[in-house]
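Following the hints, complete the assembly by docking chain B onto the known chain A.
Protein chains in written order, with the working numbering: chain A, 1 to 90; chain B, 1001 to 1273.
Incorrect hints may appear among the rest.
No farther apart than 30 Å at their CA atoms in a straight line, the calculated lysine-lysine pairs in the BS3-like style are these [unchecked claim]: (1) K1243(B) with K1152(B); (2) K1252(B) with K1120(B); (3) K1123(B) with K67(A); (4) K1252(B) with K1155(B); (5) K1120(B) with K1248(B); (6) K67(A) with K1145(B); (7) K1145(B) with K1120(B); (8) K1248(B) with K67(A); (9) K1155(B) with K70(A); (10) K62(A) with K1152(B); (11) K1243(B) with K1121(B); (12) K1248(B) with K1121(B); (13) K1152(B) with K1252(B); (14) K1155(B) with K1123(B); (15) K1121(B) with K1145(B); (16) K1155(B) with K1121(B); (17) K1243(B) with K1123(B); (18) K1121(B) with K1252(B); (19) K62(A) with K1155(B); (20) K1155(B) with K1120(B); (21) K1152(B) with K70(A); (22) K1243(B) with K1145(B); (23) K1252(B) with K1123(B); (24) K67(A) with K1152(B).
If you are wondering where the hints come from, they were derived from the structure by calculation, not from laboratory data.
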Amino acid sequence: MNMNNATSAALRYCLLFGLILTAAGLMLSEYDCGDRIMRAGLLVLILSPFAGVTVTCIYLIKERDLKWAKVAILLIAVILIGLALSILNR
Amino acid sequence: MDPVTVFALISVGICAGTLGAIFGVGGGIIFIPVLTVLFGLPANEAVAVSLVGIIAASAGAASHYVRDGLSNVRLGLLLEITTSVGAMMGAVLATYIENWILLLIFGLVLVHSAVSMITKKEKIIDHSGGGSGMNFSYAGGKDLKTERYEVKNVKGGLLACTAAGLMSSMTGVGGGTVKVPLMNVYMHVPIKVASATSSYMIGITAFSGAAIYFVHGDMLLDYASAIAIGAFLGSVIGTRVSKILNSKPMRKYFSILLLGISVVTFLKAGGVL
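In isolation and in its complexed conformation, chain A is listed as follows:
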């Protein structure tokens, strides 16, 4: 599996799993468990772009494409720093 296929698979499976959970939660919204299932589904769905970047980074390191692996690591660091600052400042 190359980098593009792996990234695509990470995006697709993460998104589909999240969507299945949110759809199930939406159908069960009358019950107590509905909200919890929806919450879990949305969390998985929200994480899918980050999962894509992480898988890309892993493949770039594996393929010894170090120039672009550094770019991916820097992006992950920027995202995590931004996320931490926003959560702490709120």
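Using the frame of chain A, we list chain B on its own:
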């Protein structure tokens, strides 16, 4: 939530997701006015739901485009670094600058981008392995032949992406509307690659915002779920339509979309929306 509202939200998601997948824009420009005006949501809740819709549409479209080699993942990662830095700067600066001034500037940038895309011909540079070292190829040219292109003006593009991230986090209007013309006109990336790469990028940009709303419990779960389902379905439709669209009309349609979005931006600046 009643079934009619669920159906309406899914329909909104389908429309925004389709447009987003074809042109590489997030769909926030559709989601936010519809959710606030038609569904009566407060602005912050509409933004949170919109971010989930953007992620669903982006990840749905990008999973196709990345697999088919249309999204330039490496270029997307690089430009996303400065976009994210710009978005962080924007979050700090937003309190110091009047929102209507930003929206006015943003609207003018969109008009300029639309005019550039109409008046300037698409210029693809092929150095076949030489040049700046930013040489890529994609299988999406005429008759799906592999076409090579060299990304130009990388430093200027990175700087412009900082501005795009800054503007989008300050105004709430997505960065895709700026990044696609930037990549296509200034960096000489083919329009199909530019919009597919933008589709990949906007999900990453939306991730941080959505995660913050989620962590703080500010997310309307049922609205976000219905919008996400619709946006994903729209992205499936959009990627199919994008495959049959040629580059030339695509640039024209994108320009029309930009002009439409600039009108909405001017209306928001004037306090009408």
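Do the hints match the structure? See the list:
1. Note on K1243(B) and K1152(B): the hinted pairing holds, with a Cα-Cα distance of about 25 Å set against a maximum of 30 Å.
2. Restraint check: the Cα-Cα separation between K1252(B) and K1120(B) comes to about 11 Å, which is no more than 30 Å; the hinted pair holds.
3. Note on K1123(B) and K67(A): the hinted pairing holds, with a Cα-Cα distance of about 27 Å set against a maximum of 30 Å.
4. For a cut-off of 30 Å, the pair hint linking K1252(B) to K1155(B) stands: about 27 Å separates their Cα positions.
5. A distance of roughly 11 Å separates the Cα atoms of K1120(B) and K1248(B); the hinted pair therefore holds under the 30 Å criterion.
6. Restraint check: the Cα-Cα separation between K67(A) and K1145(B) comes to about 28 Å, which is no more than 30 Å; the hinted pair holds.
7. Only pairs whose Cα atoms come within 30 Å are accepted, and K1145(B) paired with K1120(B) is accepted, the gap being roughly 24 Å.
8. As the CA atoms of K1248(B) and K67(A) are separated by approximately 34 Å, the hinted pair breaks the 30 Å bound.
9. With a C-alpha separation of about 17 Å, the suggested pairing of K1155(B) with K70(A) holds against the 30 Å cut-off.
10. For the hint linking K62(A) to K1152(B), the alpha-carbon distance of about 28 Å falls within 30 Å, and the restraint holds.
11. Distance hint between K1243(B) and K1121(B) is fulfilled; the C-alpha atoms sit about 21 Å from each other, no more than 30 Å.
12. A threshold of 30 Å between alpha carbons decides the hint, and for K1248(B) with K1121(B) the separation of about 9 Å falls inside it, so the pair holds.
13. In summary, the hint linking K1152(B) to K1252(B) is supported, as the alpha carbons are separated by about 22 Å, within the 30 Å threshold.
14. For the suggested pair K1155(B) and K1123(B), the alpha carbons sit about 18 Å apart, so the restraint of at most 30 Å is met.
15. Of the supplied pair hints, the one linking K1121(B) and K1145(B) holds, its CA atoms being roughly 21 Å apart against a limit of 30 Å.
16. Between K1155(B) and K1121(B) the CA atoms are separated by roughly 22 Å; this keeps the pair inside 30 Å, and the hint holds.
17. Restraint check for K1243(B) and K1123(B): satisfied, since their Cα atoms lie roughly 21 Å apart, inside the 30 Å limit.
18. At roughly 11 Å between alpha-carbon atoms, K1121(B) and K1252(B) fall within 30 Å of each other, so this suggested pair holds.
19. Distance hint between K62(A) and K1155(B) is fulfilled; the C-alpha atoms sit about 27 Å from each other, no more than 30 Å.
20. This hinted pair checks out: K1155(B) and K1120(B) have alpha carbons roughly 21 Å apart, not beyond 30 Å.
21. For the hint linking K1152(B) to K70(A), the alpha-carbon distance of about 21 Å falls within 30 Å, and the restraint holds.
22. Restraint check: the Cα-Cα separation between K1243(B) and K1145(B) comes to about 13 Å, which is no more than 30 Å; the hinted pair holds.
23. For the given pair, K1252(B) sits about 15 Å from K1123(B) by alpha-carbon distance, which is consistent with the 30 Å threshold.
24. Of the supplied pair hints, the one linking K67(A) and K1152(B) holds, its CA atoms being roughly 18 Å apart against a limit of 30 Å.
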